[in-house]
Amino acid sequence: MIVRQSAGNQEMYSSMNRPLTSELIAQLQSGETTSRQLVENSLRRISELNGVLNAFVSIDADGALARADEIDQRRQAGKPVGRLAGLPVAVKDNMCTIGLPTSCGSRMLKDFRAPYDAHVIQRIVAEDGVLIGKLNQDEFAMGSSTETSIYGPTRNPWNADYTAGGSSGGSAVAVASGMVPLALGSDTGGSIRQPASFCGVVGMKPTYGRVSRYGLVAFASSLDQIGPLAGDAWGATLLLECISGHDKRDSTSLNVERPDWMSQLDSSLKGLRIGIADEYFVEGLDAEVEQSVRAAIRVFEAAGAEVVPVSLPHSKYAVATYYLVACSEASSNLARYDGIHYGHRAEKFSDLVDLYSQSRGEGFGTEVKRRIMLGTYALSAGYYDAYYLKALKVRRRIREDFDKAFASVDVIAGPVSPTAAFRLGEKLDDPLAMYLNDIYTISTNLAGLPGISIPCGLTKARLPIGLQLQAPALEEARLLRFAHQYQQATQWHREQP
Amino acid sequence: MATPEYTVVIGLEVHVQLRTESKLFCGCSTAFRPDDPNTQTCPVCLGLPGSLPVMNRKAFDLSVQTALALNCEIARYTRWDRKQYYYPDLPKAYQISQYDLPFSSKGWLEIAADDPAEPPRRIRITRAHLEEDAGKNVHDESGRGADSRVDLNRTGTPLLEIVSEPDLRTASEARRYLEDLRSLLLFIGVSDCNMQEGSLRCDANVNLHVHNADGTRTATPIVELKNMNSFRNVELAVEYETRRQWKQWLKTGQKIGEVPKQTRGWDADRNETFGQREKEESSDYRYFPDPDLLPVTTTVEQIEEIRRSLPETPAVRRERFRSVLGLTDYDTNVLLSQGPALTAWFEKVSQLCGDGKLAANWVTQDILRDLNADGVTIEEFAVTAEILGTLLKCIQTERITTKSAREVYAALRSDAAEEKAIAPADVDRLITERKLEIVRDTGAMDTAIAAALASKPEAASDFRAGKQNAIGPLIGMIMKQVGGADPKQVRERLIATIMAGA
Ligand SMILES: [Zn+2]
Chain A
1 MIVRQSAGNQ EMYSSMNRPL TSELIAQLQS GETTSRQLVE NSLRRISELN
51 GVLNAFVSID ADGALARADE IDQRRQAGKP VGRLAGLPVA VKDNMCTIGL
101 PTSCGSRMLK DFRAPYDAHV IQRIVAEDGV LIGKLNQDEF AMGSSTETSI
151 YGPTRNPWNA DYTAGGSSGG SAVAVASGMV PLALGSDTGG SIRQPASFCG
201 VVGMKPTYGR VSRYGLVAFA SSLDQIGPLA GDAWGATLLL ECISGHDKRD
251 STSLNVERPD WMSQLDSSLK GLRIGIADEY FVEGLDAEVE QSVRAAIRVF
301 EAAGAEVVPV SLPHSKYAVA TYYLVACSEA SSNLARYDGI HYGHRAEKFS
351 DLVDLYSQSR GEGFGTEVKR RIMLGTYALS AGYYDAYYLK ALKVRRRIRE
401 DFDKAFASVD VIAGPVSPTA AFRLGEKLDD PLAMYLNDIY TISTNLAGLP
451 GISIPCGLTK ARLPIGLQLQ APALEEARLL RFAHQYQQAT QWHREQP
Chain B
1001 MATPEYTVVI GLEVHVQLRT ESKLFCGCST AFRPDDPNTQ TCPVCLGLPG
1051 SLPVMNRKAF DLSVQTALAL NCEIARYTRW DRKQYYYPDL PKAYQISQYD
1101 LPFSSKGWLE IAADDPAEPP RRIRITRAHL EEDAGKNVHD ESGRGADSRV
1151 DLNRTGTPLL EIVSEPDLRT ASEARRYLED LRSLLLFIGV SDCNMQEGSL
1201 RCDANVNLHV HNADGTRTAT PIVELKNMNS FRNVELAVEY ETRRQWKQWL
1251 KTGQKIGEVP KQTRGWDADR NETFGQREKE ESSDYRYFPD PDLLPVTTTV
1301 EQIEEIRRSL PETPAVRRER FRSVLGLTDY DTNVLLSQGP ALTAWFEKVS
1351 QLCGDGKLAA NWVTQDILRD LNADGVTIEE FAVTAEILGT LLKCIQTERI
1401 TTKSAREVYA ALRSDAAEEK AIAPADVDRL ITERKLEIVR DTGAMDTAIA
1451 AALASKPEAA SDFRAGKQNA IGPLIGMIMK QVGGADPKQV RERLIATIMA
1501 GA
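Chains as they are written, first to last, in the working numbering: chain A, 1 to 497; chain B, 1001 to 1502.
Derived from the structure by calculation, the hints contain no laboratory data.
Heads up, the beta-carbon is just placed ideally off N, CA and C, and yes, glycines get one too.
Every clue listed holds true.
Derived list of chain B stretches under chain A, where covered just means 3 residues or more per stretch with a C-beta under 8 Å from a C-beta of chain A:
| id | segment |
| --- | --- |
| 1 | 1049-1062 |
| 2 | 1089-1099 |
| 3 | 1291-1301 |
Same shape as in the complex, but just chain B (with noise of 0.2 Å):
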């Protein structure tokens, strides 16, 4: 392989908002309201005069709980910074957040690199530090000119900012680490990260390492880039903005530091970047310690405490899936993709058959299958977890194939999508009426093997005679006696019985 000629760097400024009862200063709602705008207010959110911001201590122990799943170091001492600026979604003119004090910095998060063969990339976290999210300014689209309108709903929700260190080399990776972050922050639960309504947003900050003849390397100036409204956008907007980048610096050979940091755009439409304002001109936040507002302390016992009670991170869990179930890394990555919901629903069917891998077959394969049909949430799926795990036990004792199983799972579909209530008893009921019971008792069979020989003597000849599929009537008029029967014992019987009266 040709040595390439430059290296991307990428690092990603991630937002997301933390799922609180309340705002971070104010005892207002949080829930995504955008048809009812300006109803989750209270003075101290809508900046009005002589109100006073309160720290909301849970959310503050939320995002220390997601720091901590990052890996970072907790400030014991932290503080309130005003970032200064207007807009009119920010009625105060300025935001309360954290400049010199982070309450948390050096994580780091690990992610699968982009040649599986490779170890993981353990991806360095800067700092994240908590903030109070901004309003919504609504525009007027029909081109008509009508006034701008600001909804203050959304204002003082607590968001995280998490800014990664350019550790990021490929645009794949960069949506790894954001897919990663992702199914970290829900299967902790603190954030819905829910890109459409907003609760996830990211920025990404490119540029190239060219190298150079004699060894060295010279950096690219960075670009920034913004509204990318799915991850599958921030990886293109990063491979373009590699390709752009470089035939910029063939053309320019601008270096680092010689133009001012430019903000670029993504258009999903064009799938391109343009260039946006730029970036000096609004520099100057003139941040200053909020003086409403005392500094944060946390000691060593609370940090400890909140580390307890952190739920099982995506990485713990993927190496309890290896090792105590024996998955595979391809089951797993799939069960993990699908969100907490469905992994917890997954758990409970492997506890209840008792069988992680067959639970993980059923559930990666029919399941997946059948909530994807069906356009409906885990949550929302007739068939519990209770009853597949139910079914699956039935397997697992040898009670039924795998086949009757399949029967009695569409069985239940088909009640279910006829509105009838479903439960694990009908699992049940479905195999006795369905006569599915595994049959045990060879007596029947060698009946059963008997009557079929005698109806059809030419098979016996022919499959000694070498004909292999002359037997294949035989078993299907075995398996109408015997329906619990299990075809493979049927089979191995039959041959036994035909070659024994050779």
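The shape of chain A in the complex, shown without the other chains (with noise of 0.2 Å):
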């Protein structure tokens, strides 16, 4: 793997295979394997690798070495473990843990140290999954590249000078670069997806109220959904099936079955009915990204779908809708950080109301800001029919083109983003050409629908581009076996850096 740093020197880093998570399963069970093995590979690339990449903001060596040796005990006295058993495993800094600091890349949260596990976390100790450590992503998640966090920006280990993507940059860099097999994201407009197709990796964004968000620090909460990303289908199908599931705690969770989604990874699609929308390939949309794409389509097609033509006709408003929804409950849900009960406290202050201005505005950066200003723009009496009721109205519409589209197709194909990784600090000031780069993965959102995100091929310059697969809600299973189907028919995630 070659690391090229944009102050030009290059580095050259041994080239390793990353195996994916199905590889490492068998390696365990057959006993070729231990968990410490894996926990010590993973802690040696990190400590080879984070220096530059900045994927990882802790981490956690003791404490997952202790945990591997207890499970590989377990496993070597015959007694069961779970489906996870001994695999590294690393989550975003926007997840809750006990163990570690949740800053969710932010000055306010720096040393924030949550008093309990997020509900993701309880279900991977419960199968067994080892927790490395904790990922870096763009400031509370309001990003494309992972630019904004406090710990500085996440790096494209497919080259240095390119952004991660963003906001689960630091997710998609750990599995791309195998630090970990599996991760965990979240995405609230595409910050799963867009990072792992920029990174070359299986992102993928369930259903809303697929996955409690319990423990998940909100950014948006009628958006936000916490996914998986592994090297491919097989691994990212695991993941999702341990964290999935109906908790009491969190209101918005689905109480729906838990369907077997890996059993039918292997069903063949011949029958089934690719969507390919008009709004999906529009002015914009990079050259090298469609033409791989518009292959991948045809991989499906060989795999006996048919294409059928779908229209979305309220995508064009999707970005203002998303902006608008989102920044609005935003501007609430970080409302809380106001420097009195923890958090960020300015030093100096004149009387309350000044406390919590230098308070908040010494913690945020100038992104978070943004958005919370126009949220509460957006939510003030006298505009708040005009924007945030308007916004509610066309989402409604967005929710209802996919219906139509989904009542002749069974998932929707098209690119994660308009192009593939773009150099750090491209769009950093320049916040409407960042929030376009999430115009084709924030419509999921806003419809609540699964979307995934598998890598379909590399640019000229060796850089990921990733197909996207959206379904209708509670359809997983689909997406998944498409994903898995696809990567039997081609070797695209097999690529590494």
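Fit the two chains together into the complex; they arrive one by one in their own frames, and the hints show the way.
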């Protein structure tokens, strides 16, 4: 693997075979390796690469090794172990963990330690996954490049001058660079799928309500959803099955049976219909990206699926709608960070109001402030109807577009992002250009649907390209099956930096 | 009577803490524990990052029950909104409340008119909605400028806000509305309504409708009155405010809408209201539907089930006391004003003795007097409902006289005061020991009469000569012989014997 740093000096890292989750499990089961070895490999890989890539923001080496040993002993004693037994797992820094800080990449929460574990952490522990550490992100998950973190930018392992995408950039990089086989990210408008696409891994945003948000630090409550990142569809399926399911601590958690997705991965795609929406192939879409996406669709056709044109006419309003809904909710969700009870508090202030404004002024970065102000404005008396309420109405239209489209197709295919990864700093001062990066992913969140990003090509400059598949609510099985079948027919997921 | 110069218009906003075991959106206890701050908290009510609220359906059902008792319509669909403002006692910087779709609306509460001859007044209730309570800021009161502290034990306690229409016309009506509302809430058991502990709080909106010479009326600016910590203070504050606003009108002629809505506090020491912050600066709460909570739907069946489980309201009870027990309005009011515990105690006594009026007389006079004297509640009172019921039954069956019953009651009280255990069986024992049973054996009475007349023959002739009280000593002598005799009967029989002997 070659990591080119922006300073121009080149560093060579030992190229390492990045094993897939299924291969690691087979090795663990056969005794060819142990959890301790996997965790040690993980920690070594992190110490080699993290200085440049900056994927991890905190690491619990001792805790992870102790846990690995405990799981190894149990396995050796022939006792039952969980489905993630012994596998190194890392999570985005916006999921609460008792053992490690939960900073959300913000100065505001830099030293915050949650007194409880998020639901997904409890699920990983219950399935004997080994939590290695926490991953970098855009501040409060607001961004598409993992550049706004207090810990500095995360770099793309394919080319360190490029962004990893975001906001779950740390999660995508940790998997892409072989630091961990599995990671969790959160996706509010594309924050799992876009970095997965930029880094050449599989990333999935489940149906809204499929995974409990309990312990996920909220950005936009009606859009946020936790999902898996993995080297392939099989790994993503395993992790998603482990973290899904009803949780009564989250009122929006769906009380539905969790289907067995794994057993459906091998079913043929024959007779299934793939929707192609013109709205996903518009001006601004990079030619190389379009080529790769259309090639991927031909792979599905070759596998027996039928291509059907669909229309999503309200897609053009998605970005505006998204930023109104997301920022409105964020302005409210982030109001609690006021310097009183926890988090950053300004040292100098004259009175209560000054304490609030100084603490928030110092604790939040530019992008977070921009969104809080936008959301506060949209919810203000006199503007509420014109902005927030209008956005909710358009959101309903966008959902109806999908309902109509899915009446005639099983999945909708398109690009994840208009371009492959962009250069660090390129869009940091141009918020609108940054927001437009999410143009193809945000409708999924607005409609509450599941979406997946899978590697489907490389640009001439060897940057990964992602294919996005969207399905009706609760039809994760379809997405995982399409993704898995695609990976049976192609090798893009085997490409490594 | 001269035509009044203005009409006083009063609307009340009452906040009541519901008596649920756990908070509205988490499992923490709602107990009042000011001495152990921040011990009844969890990530949810502390508003920690990542925590999420889950509605307590029990609290919701309890509030539906209250709204039904207030004759409200229950919304089949309601939802939660965030009311956003910054304050240290509000850890999320928003309060989960209900804005444009409250769970109930359009109710009423009937109160007596100021003039008892007038029919009762029906005060309309605009809406009742549920919200979470805030915590409590504890400021340094030493004046030395130490840190303020925040206690979040109360944060998230279910709070019902009951908003009346501006239907109240006098300060005493406002007070009566609050008393009746409190009584209702106590009787249906949804709140302890303790104003000192803050479980019942009240704000009043007051203005005047000035009567113009041409028959039209002009409304003066509405003033919101706050920090009134007793019903008496509400009454005083409204009275004061009425006078102040009238003077203000005469001086400025300011009409509603010409000045921003003002908030005034009540200073109970100086007996006057004083201006607080102007309302406008904090008016934009940026309400929006809470995306962490689902809307709440309630079916007609659920509403009916809650209605069926609704305890008897004071209004229904008042009617039953009148028509079934034959109590006077006065006795009923005295009983109900004492709250559900004493009323239940009374009902038990009434059932045991079989005479509601008799029970009411004793409870409203003897028992209330002694509770007051001892400074105890009815639950702590040594003479139980069973004991008093047993005793009054003896009056009701004419086994003993009221006078004897008082003697037994006094004996029981002094036994209890000496820490002796007392029980219903003691009633029988004391009657026997003290020979209090009414003697219906006229033979024994006649013997005693004859003996008394023989020992004081001049008394009979004095009586016949017209000296009515000449026989007093004779009655005393006879009563000593037959302790359980009815003095009235002794007197009648003695007179008959004297007159017969003439
Ligand atoms: Zn709590």
